[in-house]
Amino acid sequence: MILKLVWENVSFRPMRTLLSVLLIAFSVTSILTLVGMTHGFLDSSRKRNEGVGADILFRPKGSSVLSSMNGTPLSDKFVTQLAREPHVVATTGVADQLIGSTFDTISGIDQASFTRLSGPFVFLQGHGLEKPDDILLDRYYADQSHARLGQMIKVINHQWHVAGIVEPGKLAHLFVSVQTLDDLIGSPGKVTRIYIKLDDPRNTDLVIKQLSARYEGYPVYSMKDLESYYSVDSIPLLKYFTDTVLVTSVLFGFIVVALSMYMAVLQRTREIGILKSLGASKGFVIAIILAEAGALGVGGTLMGIILSFGTRWLLNTLTPASFPQAIVVEWWPIAGAIATGGALLGAIFPGALAVRQDPIEALAYE
Amino acid sequence: MNNDVIIHVRALRKIYRTGHVDVAALRGVDLDVPRGEFLSIVGPSGSGKSTLFHIIGGLTQPTEGEIRVAGHDLSAAGDSGRTELRRRYVSFVFQKFNLLPNLTARDNIRTALFIAGLPTQFDNAFHDTLDLLGIQGRLDHKPSEMSGGEQQRVALARALATKPTILLADEPTGNLDSRNSLAVLNLLRDLNARLGQTILMITHNAEAAAFGHRILHMSDGKIVDDAGIGL
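Sequence order for the protein chains is A and B. Using the working numbering, you'd call the opening residue of the first sequence number 5 and step up by one each time. Using the working numbering, you'd call the opening residue of the second sequence number 8 and step up by one each time.
Keep in mind the hints are simulated off the structure, nothing from the lab. Heads up, some of the hints might be wrong.
[Stated by the list, open to error] With a straight-line Cα cutoff of 20 Å, these simulated EDC-like cross-link-like pairs (lysine to aspartate or glutamate) come out:
#: 1; chain 1: B; residue 1: K103; chain 2: A; residue 2: D362
#: 2; chain 1: B; residue 1: K149; chain 2: A; residue 2: E231
#: 3; chain 1: A; residue 1: K286; chain 2: B; residue 2: D86
#: 4; chain 1: B; residue 1: K229; chain 2: B; residue 2: D37
#: 5; chain 1: A; residue 1: K286; chain 2: B; residue 2: E91
#: 6; chain 1: A; residue 1: K228; chain 2: A; residue 2: D247
#: 7; chain 1: A; residue 1: K65; chain 2: A; residue 2: D47
#: 8; chain 1: B; residue 1: K103; chain 2: A; residue 2: E231
#: 9; chain 1: A; residue 1: K8; chain 2: B; residue 2: E214
#: 10; chain 1: A; residue 1: K81; chain 2: A; residue 2: E231
[What the hints assert, rightly or not] Some, not all, of what chain A presents toward chain B, calculated at C-beta under 10 Å:
#: 11; residue: S285
#: 12; residue: D362
#: 13; residue: I364
Yeah, the Cβ is synthetic: ideal placement off N, Cα and C, and Gly gets one too.
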């Protein structure tokens with residue numbers, strides 16, 4: 005009977021119910037979109053790092069694995085030095101530089117050594133880096149920025165000529181000559197990291213051991229192990245950002261649900277008075293209000309999940325390079341619990357007001 | 008107190024505080040209602056009849072005095088005690104019907120049964136009551152799909168479904184035309200005569216009041232006249 009009452013309550017005022025569900029869904033969608041963006045960003049970074057095809061990553065002294073997406077603290081002399089190590093067949097140094105307010109970076113590469121290690125880019129249009137001011141864009145960035153082959157584009161305050169558009173999957177979404185980039189950022193002869201390819205991937209552990217002994221203090225990672233570092237917890241800034249927005253979403257969801265339930269209870273003052281005149285206990289009234297909040301929470305969760313597919317489509321269409329969004333199924337129950345928990349918490353205050361209401365006043369309510 | 012007295016009221020006072028001003032709604036009411044009586048209470052607005060009705064029905068507490076309803080001492084009862092009284096012993100019929108707008112007539116009645124802890128399926132005796140009320144064919148309609156007279160008969164059915172010891176009717180014909188008013192009053196009298204249902208009815212209408220066994224006149228928070236009619 006309680007379920008029947010709850011169902012009749014939510015179906016009797018479809019517009020109010022729809023609005024409440026949409027407000028809760030908005031909170032769920034924000035959480036899922038944010039989490040999806042973080043996972044999408046990390047997943048995309050991991051894939052593009054893997055796409056290089058190296059076996060080992062060599063990092064500057066004092067750096068952590070994903071701590072720096074910016075700057076060039078490593079001398080490019082290491083590139084030739086490391087190439088002489090046993091089992092090493094190819095090395096290439098890459099300089100990274102953030103290009104704006106997002107996490108987008110530009111990769112400075114030495115095209116010859118990079119191609120030897122990683123294989124050639126898959127060109128959709130144009131050709132490789134031939135002149136110092138040439139730039140290659142991957143398809144995602146070209147789509148996102150509406151850049152065309154042959155066009156001049158401004159990146160880090162420099163005009164670049166779009167020489168080629170390539171398939172995504174390696175390093176950043178933009179590639180220029182490492183020499184030009186180093187000159188621009190005032191750090192000639194420096195790189196951010198060095199990729200190493202071995203004669204046989206089975207020698208990875210052996211080579212890492214050798215390099216760690218010879219180059220003390222320089223972090224050396226196998227590309228396979230690097231995968232495990234691509235999590236939110238590994239990047240303090242990303243974790244702080246994610247936590248902040250998550251807490252904001254939860255608070256927003258709670259306030260929205262509390263207001264929505266407050267309005268719902270206010271609208272039903274007279275009905276609560278009727279139930280009380282029939283002998284309904286405080287527990288009965290609050291059970292109905294909480295069950296209704298729970299139902300709205302579940303409805304909002306389902307709609308929020310559906311809407312997160314919409315935001316994924318939107319982000320992956322409009323900003324595939326900067327803000328790729330993944331669908332993170334593991335977060336569905338978490339977002340659902342946050343939304344439904346928020347709905348229940350939000351309903352407690354108006355529910356408590358409702359059960360304390362004088363039945364005579366409630367019956368007189370118009 | 009006589010065992011046949013179902014409502015026993017002595018020196019009942021109710022004072023409402025509005026801001027810093029105390030307003031006395033009841034100023035010492037004495038009343039005994041025997042089981043099976045159909046009692047009409049009349050009086051002008053502000054005479055205290057609704058307050059008396061609300062206290063007898065357990066909707067509000069008295070400020071002072073003694074009151075026993077269906078064996079329950081309401082002078083000392085808390086919220087849960089008064090809720091229990093409403094759930095099991097007292098039913099209301101209001102001028103504004105007070106049906107739950109989102110439920111059908113059937114579900115309005117079933118809700119009352121559910122709250123009272125009774126089976127929500129209608130038994131044969133209750134089907135006879137529905138026949139008597141003439142609403143068998145309207146059970147699957149919502150209040151907005153029914154006339155005022157039909158809504159009041161559904162409210163009456165809901166009130167009777169839990170087989171209350173006392174039926175409290177507050178201006179039950181106040182929102183009805185003369186034909187429907189007469190039908191509802193005849194039903195109340197019929198229920199009282201056939202089932203021995205104790206009924207307290209508040210009304211402004213002298214003709215309606217005459218359907219009771221006894222008429223109480225209230226004024227300024229007191230009973231000023233107690234006239235037996237049919238008894």
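Status of the hints after comparison with the structure:
no. : hint              : verdict
1   : B:K103 <-> A:D362 : holds, 18 Å
2   : B:K149 <-> A:E231 : violated, 62 Å
3   : A:K286 <-> B:D86  : holds, 9 Å
4   : B:K229 <-> B:D37  : holds, 9 Å
5   : A:K286 <-> B:E91  : holds, 11 Å
6   : A:K228 <-> A:D247 : violated, 28 Å
7   : A:K65 <-> A:D47   : violated, 26 Å
8   : B:K103 <-> A:E231 : violated, 70 Å
9   : A:K8 <-> B:E214   : violated, 41 Å
10  : A:K81 <-> A:E231  : violated, 27 Å
11  : S285              : holds, 5 Å
12  : D362              : holds, 7 Å
13  : I364              : holds, 5 Å
The structure shown violates the earlier hints numbered 2, 6, 7, 8, 9 and 10.
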